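Visitor: Hints given; two lone chains; assemble the complex.
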Amino acid sequence: MRIVILGAGRVGQSLAESLVSEQNDITVVDVDEARLREMQNRLDLRTVSGNASHPSVLREAGIEDADMMIAVTQSDEINLVACKLAASFFNVPTRIARIRATEFLDNERVLGEDGFSVNLAICPEQILTDYIVKLIQFPEALQVLEFAQGKVSLVAVRAFQGGPLVGHPLKDLRRHIPSVDARVAAIFRDDRSIVPEGDTIVEPGDEVFCLAATQDIRQVMRELRRMDKPVRRVMIAGGGNIGLRLAEALERDYTVKVIEYNKRRCEYLACQLNKALVLQGDVTDEGLLETEDVSAMDVFVAVTDDDENNIMSSLLAKRMGARRVITLINRRAYVNLLQAGSIDIAISPAQATIGTLLAHVRRGDVTQVHSLRRGAAEAIEAVVHGDSESCKLVGRRVEDIDLPKGTTIGAIVRGEEVIMAHHDTVIRAEDHVIVFVTDKKMLPKVEKLFQVGISFV
Amino acid sequence: MVRILPVLHILAHVIVILAVFMMVPLGLSMAIDDGAAKAYAEALLVTALTGIALWAATRRHKRELQTRDGFLLVSLVWTVLPVFAMLPLLLYIPGLSVTDAYFEGVSGLTASGGTVLTGLDHLPPSINIWRGLMIWLGGMGIIVLAVAVLPLLGVGGSQAFRAETPGPMKDSKLTPRITQTAKGLWLVYVCLTAACMLSYRVAGMSWLDAVMHGFTTTGLGGFSTHDESFAWFNSPVMEAVAIVFMTISGINYATHFLLLRGGGLRVYRRDPEALAYIGLLAGSSLMIALFLMHGGVFDSFWTAMRYAAFNVVSVATTTGYATTDYNLWPTFAPVWLLFISCFACCSGSTGGGIKMIRARMMLHQAVREMTRIVHPRALTPVKINGAPVENNIIFAVLAFMLMYGTTLIAGTMLLAVSGADIVTAFSAIVACINNMGPGLNKVGPASTFAVLNDFQTWVCTFVMLLGRLELFTLIVVLTPSFWRR
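If you read the protein sequences in the order shown, they are chains Y and H.
Numbered by the working numbering, the letters in the first sequence go through residues 1 to 457 in order.
Numbered by the working numbering, the letters in the second sequence go through residues 1 to 485 in order.
Here chain H stands alone, though its shape is the one from the complex (with noise of 0.2 Å):
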């Protein structure tokens, strides 16, 4: 047990800095007296005891961490901050549970945005923007703010920072310290997000949901502050600023950092996805339209686009917001936008999901176990962007791809097995595990994770936690060899 006390000590720093942006709450519950400053005032003391107790604990076994340690400290951050980031909801909604508090607190912080709170409308507003925070700081990653602003994490610092930052190649550092990178990223994703805000504001939201919709949108994360989500506002304006900034937070934020530092737009076509990803979007858009004029649901093109586009791209970069039930929609429509809310995100965004990067491998080495049926002799590397990708890397996503097919297998029969229907299971945990947010049929837009039971909440929790540390994360530190030395 001496190698988890380091990894405990950054946990306090942590879980500190989780206690200083809940201040942010705070501070709006008591300008505003919306009644919750006290659920907050007593989260915030327990979160923050916790974290300089903890901090003082371990103090004596303050080290850099080592490789293995990344694992362990991610693990750790993603599974233990849900439970103080709930602290505020199951402190001031009466009855809610832990389980389903938890799950909130994990689907916040994973940027899914299923939720099992209903009655958004009537919640205090300082309510919502913590549950918007939530989501902000999940998007980015916990642990990339923490390399950005605490300095005492060592090499294995930069392996944490691998660990959470979804992908499959992330050897390339956008700077010589990893800090620096840390520190660039975030740079662009909170201008980014104040942007969004503004573009909200201007479009006619008040500023409470301006800037709620601002960090979920950024985030990718798909909590609304109404039960109806974006149905409420009804206006193509606002729906136009949601898609242009969904669409900029599925692309890989280290490209958007190269177009900071003065790269030009010539950075995105350089990008082994963001083209073929905003094809995806594009392209799905426009099909899923004509197919709803074809099959009736709507009369007019352009209304039938502006649905179609706005619920495409909502669900395909895992965000989750709705303008209406498409799950009533002929059945091709919704289960396509399910399918590409699976692959359609690029590797470093604020998304979730296989990642386009993974998809393009794999289809590639699809073509390729071909050619080498035909030609036996012939080398055909797999290449992204003219440069070949190792074999090792193949396999990892080869790995990755199994790990995915039987999670997703696993949680289905799991939520099956308790009760649920299989479009109900099957896309719970297709939305679940792509950190997207609402599934089909009972999970749809229309309705809400409450419907499911107490074990089929923690199955979907897991889920979500595996998806948003990519799998391998979190699984290794489950396995014995892990602990082993």
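Bound conformation, chain Y alone (with noise of 0.2 Å):
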């Protein structure tokens, strides 16, 4: 696929990277010729420097052959005329921009046909902070997911020593929640990954990933681990964005302190927020975060725009008695280094929002991407279309479908209903699958299961 990016900041890199990588042609536009430089010795795409959103600029790029626009620099307004322009003059099939302001979200006209013309909004900074907003609703949880709306979600969870279901084979789970119908989709074991059969035993310290209807995910966990106490308290070290959008989704249900250093964010940040306390201060001042007694701080999320600051931050908030440590880290070097370490939970922006960009690249109807463990698996929503001339899935059961290595259909979402799938389960059309992959290299194979082509006539 021929791919225009607009802005060469951080989620544009990113995507830049996962879409060269997954064999599309990219160009990237930005004004800033140096860091341009930098990416095109470090990937293989090519740059253009410019104002995105002038004509000549877009047209240097190749945007009149381009199958994609992507615009996600700084400006909301930029991508939005960047969209309109592809669209009305360029003819560009999908344009996606990158928008932060509500009031233009929230719009219809605004972005669509009449208006900028804009296929999809994302906002990563929205999304994150739903990512983040789900680990403080399970606080067991490693990563939840969701799928068809919200009807299936998949949580990844560590097992513990006194979970009823840890140092039993897998198919007790059935008998031990008998009204819940769930689905172990992988399990890893000191990194590497275990094909769940029914007679798999899951060990202490497995990181496995269920799959379960939404109101189910409770139960599930508590199989595989203790569960702790409700998060009642929550400290949000860095008021920007997704400091600010989080303290706004939190401060209804839990008990809020937001610390911010910049006296007049700060000020932003009070205005903004009603029930949430905005504290003046250095993230790092130990002072700080004893009077405001981080020891009693269920969770300690560190969101500023550093990564040295966050990880010093949740290092210390976890030493002073936090229970649990959430941390966004850009740099993927941090991330490896860390996990295993005193903090909870690290968290990469690239990784946690490139699903939803991804889900339109991909060919077949993929509704749906979700990166695991880092970028190092995927789990992937698609809906099943044509009928079973066209298609190797549609009228096949489940253990009949030639799927690639490392890949299993996790559940199936028939309209409302929610079936977990089981070797007997047929697939009919229109049904969303949700299928987890453990090596990306079979991605190809997987899409092309989903496509309805010549190919398959």
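Since the hints were made in silico from the structure, they are not lab data.
Among the hints, a few may not be true.
[As the list claims (entries may be wrong)] Take a look, some chain H residues computed to stay more than 12 Å from chain Y by CB distance:
hint : residue
1    : Ala31
2    : Thr99
3    : Gly119
4    : Trp302
5    : Pro330
6    : Cys342
7    : Val374
8    : Leu379
9    : Ala387
[What the hints assert, rightly or not] Which residues of chain H face chain Y? A few of them, derived with a C-beta cut under 8 Å, are:
hint : residue
10   : Arg372
11   : His375
12   : Ala378
13   : Thr380
14   : Pro381
15   : Lys383
16   : Pro388
Computed from a predicted model, the values in this text were never measured in an experiment.
For each residue, glycine too, the CB sits at the ideal point set by N, CA and C.
Guide: See below:
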């Protein structure tokens, strides 16, 4: 696919990186030539420097032949204008824009065909916020991901001694909680994936991925570890875009404190937030954390835009007694460095947000993509089309489908109904199928399965 | 003295406007021949001639007003107009002293409603209409009217407009031009008053009573044509009408204006004061009713509710009608009434007092200080409807509260030193500074301000003016620095 990416910021870069690796032709447009040169040296892509909202610049970037344009510059307005130009003058089929202002996001006419012709508006801060909110709602989980408009959830849980299923084969799950239909999609032991069979025994320390209807998630997690006390107090370090959204999302149900260094920003935060307490100070200031009683916090979330500050304040908070710390870390090297250490959950913003975009880049009718285990594995929700003639899935039982290695079909959503996939489940057209891919090299083969095309006639 | 002349020029216009309004009772008096026509003719002549003479004398100094001139204009208008407004009373009622007449004039124009007159039932209807008209003019504001009808005020006009309109935050214009805002407010006011008069008429009042009470209800003044005030009618329906219109008039007229422009009922939900105000009125009515039943004043709940609701709304909105002598209720009830009259009304309404919005800000500020003790690094702005209130407004409100308290104490002292008992002194000053009307004890609803001596009457008069102009407008004109260049 030929893709033009506008803006080489953090989102643009990680986007380019993952798209290049999936055999796409990428052109990146940005005003910062030094950054473009650096990218060109590192990745196999083309760069154009200039203002992304100027038609001449877009034309130079080859927008006329592009299949897709992704506008992720810093400015909402530039992104909107670029989408409009791409639609009206250059006939780009798919136009994706990063939009931060809710003023635009909530207004369908602004984004629609009569407005700025944006096919998909994404707000990375919002995606990250939702991601973190889930982790606070389910403090036992390492990752909580939703499929099919929230009907099905996938949770990653580390198994601990004391969970009823730990030390027992997987097939006991059905006996323990007969009312719940859940499925273990994958198990990672010592960073290697194990294909889950009925007699696989769960060991303490395993990272277990379970699929279940969203309302059953808590019960499934209870099988794998003792449940913690529910979260009541949350401290957020950093009042940037994510910090603010997070505080807004949490302040109604939790006691929230936000720490921000910039005084003016603090004033703004205090105006936006109703119940959350805004504190002005350094997130790594031990004295401040002490006075504000960090030891009583159930969750400490570090979301400043500085990796080092996030890591330092999280380590400090953990040592001072915060029950659980969640840290935002951009640099991949740091993530790998820390995951096993004292930080409970390290989140890479790029990994967390890229899924929404990937869904549109993939072939086949893919509606949702979630990166798992920092990009090593992937869970895909795709819609099955066609009939038994044109598609390899329709009308076949799960056990009869020729799935690539390391791939499992986890669940099927048929209309409002959620069906856990068993060996004899038959797939029909228009089903949403949730596929778990532990080896990303197999992705093209999985995509092919969902494609309806001449090649299969 | 150069600067005062352009202000006097505008003042002359306002005096002429007043003269025009005097034609109303003059016409009525001639039509029904109640014997007061001569007094009106003379008063009208004096007022009109003074106005025209002043206008002619200062014509050469006609120019746009500066910011400071606004305060001077407002202060002058509010001290000078009562002099002309009292003329019909002074000329018609034999033996009325200038002190008492001026008090009545100020009480009328500031929409207070405390009176020194007795035997209201026997006064000519035109005199009572004039008393009502004074309240009605002063209720919305004479300057607001002048801004609406006189195109000559310029930038200083909007300053004067703000100096006269009650409330701590006056930056929000409803329309691009101040004249249109003033016209809009008066339009709402006129419509509401007309509706009120019609309702009274339908409820069974005579036309004269309906018109007079319509003026004093929407103006939140409280003058009545009867010594017994509303008790004379003894009609639950009329009381209900009064409660409704008093409540409406206690809400910011700018909010009513937004409703008229098609904002829908949600304008009241967005208004930072309206809900708290209505909640306070309803809650207090219920509480007082239960308290009175408990105290054995009334036997049935509905009778208690009827008297409690009317008197609570009347006093809290600083109107000052009475359906019973609440002075005789157990102590808590009248004191609570007096207390809520201090802050119940919304800013931009025709009522007086501290205003609900200032009370809310002070409450927030108190909470903020307490949070600051527990969390020294916390930022907790005072927010009204989600929008932060700037610190300088908080300081202004704090200064206002200080001045309010000081005026209250100083006024009470002055009345006490000149012989009033403490309840009378304090309640009279509270009633005057809130532009409410009757106080407690000797100046209670069953009595009048005539019991005060001349000195005390002047103190009350001044406090009413201070209260109507929200203290600073009048006080700043009296400071030397105002006159220094």
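Visitor: A separate judgement is required for each hint: does it hold in the structure or not?
Guide: So, going through the hints one by one against the coordinates:
1. Ala31: Label holds. Min Cβ-Cβ 60 Å, cutoff 12 Å.
2. Thr99: Its Cβ never comes within 12 Å of chain Y, the nearest being 52 Å, so this holds.
3. Gly119: holds (57 Å)
4. Trp302: holds (40 Å)
5. Pro330: holds (40 Å)
6. Cys342: H/Cys342 is indeed farther than 12 Å from all Cβ atoms of chain Y, at 28 Å.
7. Val374: violated (9 Å)
8. Leu379: violated (4 Å)
9. Ala387: violated (7 Å)
10. Arg372: Constraint on H/Arg372 not satisfied, violated at 11 Å.
11. His375: holds (6 Å)
12. Ala378: holds (5 Å)
13. Thr380: holds (6 Å)
14. Pro381: Status holds, d = 5 Å.
15. Lys383: Hint holds; H/Lys383 Cβ to chain Y Cβ min 7 Å, cut 8 Å.
16. Pro388: Because about 4 Å separates H/Pro388 from the closest Cβ in chain Y, which is inside the 8 Å limit, the hint holds.
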